[in-house]
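Visitor: Sequence:
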Amino acid sequence: MVTVTIPANVKELIAKRGLKEADVIAVVNDADATKKYIKKGNDGLAKKVIGDLTVYVMCDLSGKGTAVVKSAYAHKMKLGKVVNVMAETEWKTCDGKPVAQGHVEIEYMTVKRNGPALIVPATGEAYVEEYLATKTLAAAEGLFEKKRA
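In my numbering, the protein residues as written are 1 to 149.
Just so you know, these hints were derived from the structure itself, not from any lab.
Computed from a predicted model, the values in this text were never measured in an experiment.
Each hint can be trusted.
Label pairs and their in silico Cβ distance ranges: (1) 15 x 122: 30 to 38 Å; (2) 97 x 129: 17 to 25 Å; (3) 65 x 98: 25 to 33 Å; (4) 65 x 9: 21 to 29 Å; (5) 121 x 21: 28 to 36 Å; (6) 122 x 49: 16 to 24 Å; (7) 87 x 131: 15 to 23 Å; (8) 49 x 92: 21 to 29 Å.
Each residue gets a CB set at the ideal place from its N, CA and C atoms; glycine is no exception.
All chains should be modelled from the sequences, with the hints used to inform the complete structure.
Guide: Pasting the structure below:
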């Protein structure tokens, strides 16, 4: 099991984004147990579906047996099938397999569109980066929810 540390400034960010510290820790522990996360240098990015959210956690993994949370974010959209896989990125799976840029089918409130993601070609696993989840997807979710209301 990994020791998870959440600095005070990141705790504020997590709270501002409506996430629970317990969920953030659960994402990290699950990734450690299943070895399902991607890495770029000392940074690790893990995700887990919790309720109707996909929660992502970015950690510094430079310490042995430790994970220092750098950021956490979430989206409500469901990631579907891989549409295409393009160039490899600097990201790798925890066991060294390549991670590529690509597009996946994204669904929210019965509407499906294609959107960019980091994709593990070997498994079809997709990860949404922070800029996309906290800006574009958050804005789209808000518009859909407002329209439905």
